[in-house]
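Undergrad: Mind assembling these two chains? They're in different frames, but the hints should get you there.
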Amino acid sequence: MSDSTVDADEVRHVADLARVALDEDDVGRYADQFAEILGHFETLEEVPDVEAEPDLVNVMRPDEVTESLDQEAALENAPETEDGFFKGPKVS
Amino acid sequence: MADAHNAFVTRVEIEGAAEGPLSGATVAVKDNISTEGVRTTCGSEMLADYVPPYDATVVSRLTDAGATIVGKTNMDEFGMGTTTETSAFGATANPVDEERVPGGSSGGSAAAVAAGEADYALGSDTGGSVRCPAAFCGVVGIKPTYGLVSRYGLVAYANSLEQIGPLAPTVEGAAELLDVIAGPDEHDATTHNAGASSDYAAAATGDVDGLTIGVPTELVEGADDEVRRVFEGALDAYRDAGAEVEDVSLPSVEYGVAAYYVIAMSEASSNLARFDGVRYGESGGFEGNWNESFAETRAENLGDEVKRRILLGTYALSAGYHDKYYEQAQEARAWVRQDFGEAFADVDVLATPTMPVLPPKLGESVDDPLQMYLMDANTVPVNLANLPAISVPAGESDEGLPVGLQLVGPKFGEETIIDAAALLG
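Chains as they are written, first to last, in the UniProt record's numbering: chain A, 1 to 92; chain B, 1 to 425.
Among the hints, a few may not be true.
[Claimed, not checked] Derived EDC-like pairs (lysine to aspartate or glutamate); straight-line CA-CA distance at most 16 Å:
hint, chain 1, residue 1, chain 2, residue 2
1, B, K324, A, E46
2, A, K90, B, E292
3, B, K361, B, E399
4, B, K361, B, E98
5, A, K87, B, E282
6, B, K361, B, D119
7, B, K411, B, D346
8, B, K324, A, E45
9, B, K411, B, E342
10, A, K90, A, E76
11, B, K361, B, D185
12, A, K90, B, E296
13, B, K324, A, E42
14, B, K324, A, D49
15, A, K90, A, E80
16, A, K87, A, E72
If you are wondering where the hints come from, they were derived from the structure by calculation, not from laboratory data.
If we strip away everything but chain B, and leave its shape as in the complex, we get (with noise of 0.2 Å):
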């Protein structure tokens, strides 16, 4: 088959058990989770060979249920992006407009279900990775609360802030998978028994009679004006519904990027290091000692945003800078768990747009990295405190191009942001 918007680094078709919740349905997975027998490249040249010898546990998961993968999906090199533009194997258009980007960093699973190529898709969301190019594609994506999914088998950027989510067009299907890929896993010790016989798709009603929506003020005033109309007429249907909507402040926020970014790529530093073209990863074969043949399979195979957060994460962690990035930043984390909580004690969710901006074009934001850290100032503070969110379609723009709502619910309250969600799509 055609990959007309490049979603796919790897087409595949691994059949699942005969019966089961998703037999007969078609899932195609981001290449960060591990695939036995079939390459799982993380949209890099320094893994294009590599072949995981075990499969991830959602992977298993979702075999168990009956599900077909039907291919790998692309993304920005080990999740390092907004746009699907990192990836070594060529940018993901955008299945609403090929002229744009599909959003990241799990673009290619995004633009897979927009582009009706599987029915479902697994991403893997560190900053808003699933959230982003949910919205952007116009499907809905779900990035579950730490811990409720397993991460074996995800090649780790930043351990404490991903989590593996779905990808469907529909609030009831993208719950149906989570159903799946949800529960305890001896192979994770950072996973929970929450979610152990869950039922998230029978939540999916749209009730949300007697709700209270907060939305906090920091987080929408910096959105576009298109994104505004569309999330304000969102806002409407749920008054409509029965809701009641109130603002509310969250002055960490404000500090939400900075402090995503310091630890992402602190962690990212340190976790990338196993790249070294000895154990895995392309050799090598380089002329001189250890260090020096290190370095340079590294400044052949990786990417430049990937070097740029692997440089920035070890100059933030290095003598003399630890206090005033890295801590600094644990403490802004800090601020805004505790600011979610005291929101949580007055409000049932949270609601902000998923993006502040619409998809912007092919190549036009590639050049200025600190305005593309910038665009993820409403998915990263998610990630900061461990919580649930859903992006659901919101409504479109003017030209048409899709807007993403974003709700947030308190720690393992997959169910209420479900069912909230569930009266748009």
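For reference, chain A alone in the conformation it holds in the complex (with noise of 0.2 Å):
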């Protein structure tokens, strides 16, 4: 049996890290589904150690300058800029 009962609150804790609001109908319903497929990752618990293969190494290359977008076009889409930059809600 699987030891990964979640309940709302953890649910609506894990919502608010990622910046996703739910409703309460959702909560209860991911409680149920979340705690399914988490017993079903726990048998992730049995993979043994493996001997992993060598770290990657960083490839480095000098830092250029060239053409990419221009301000205008990095805009486009956008729902509100204000004098050539991103427009947001303000942050606390």
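TA: Pasting the structure below:
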């Protein structure tokens, strides 16, 4: 049996971390589904330690200025802009 | 033109160069691949009006090769689904049987090819999203080796797993399309020199004399009886053509679905944070501070499955659970990679049914997410191991539904799987 009983508070907490507003119906439904899905994920505990391949190495190159999207194109899809900047809600 | 199967989100006509290997050919492009000036929705309300200011590398390569792009195809929202039912633009129907799903997430691409509305299509495959719809619609689909095809301009779901891949009525056609899109790209640092001057189409001969085919028993035992019957029939065709078929064991793949979903959801929870209704995406204009506005925008414009994956990914990465889920999933991924590596020391290719089930009826599988995830058991190990695989029609069930055979090759072994698959299609 799985020890991952997910309660409504945990769903609310993770939704808050993920910045997704949920209504109470969602919370209950997700709590049930998450318990089942996380129960399946817990089988990963049986996976043995594996001798991992060598770590990847960083490949460096000189930093060069090249052509890229201009400011106007970059802002094209923003719902609101002001003076060439994105405009968002206040931060706090 | 009427779109009887709802295969397209947007119909367009983007003319390609006058001459090239694909001149005269029509190609449908999945709607998570950026097209300059043509909206690219990812099947989501969030991006219903998003118009990319640039083309994906694969799109430029198609038009440079002379292809005409005829539309942007329907898909599970952000690629998250196995049936193309999670799209905000409605479900796509399977042209083989319109009461059934076309598979997903590239269901619109497979349906467009199966219905003859495009000669070829591009899909993307994060955990089977090209191969599954190819199998369900009775067409050919290739998931290339990680790094063979540029992901520049592909809207990311889970970067470490996904590749853009071709769909076509025949193996040779899919190989021809792969020749056009494969090869290194300065805009995607994960691309590789392999494929720079490929001729995969020439490899599609179906010559399997002396080829050794391994059959991972773990990925056959769970399949439906009808699927197994068609699969065994295909293996007989390979034996008759001179191939040797032997059982192999890949114990790690029993953990494939769990490892895949933990990694894919974790990456998705980070990737999809960009849809904040400020830089792009539906705004907003909500009251309150940034966090509240952001949470409301996402609540309103993302679908149920996408929210589920963002939340579970956030959970798997959160304090106290990271080691238990994410670290263990990475351990399993290393094990899967090692298992495949050992198998390819003894065999040339591996064969499995592409999907363990026949195409479900529309509406049948949407209410049970875990059951839907388990349908991906045979495709996700390939993405975890970054390997190439092809799905080719292997025959039909008693009711006439298509069954796909999946052939998996070693890294950059596209020629081998294309050659072997050409025996069937």
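Undergrad: Among all the numbered hints in the text so far, which are the ones the structure does not match?
TA: 6, 10 and 11
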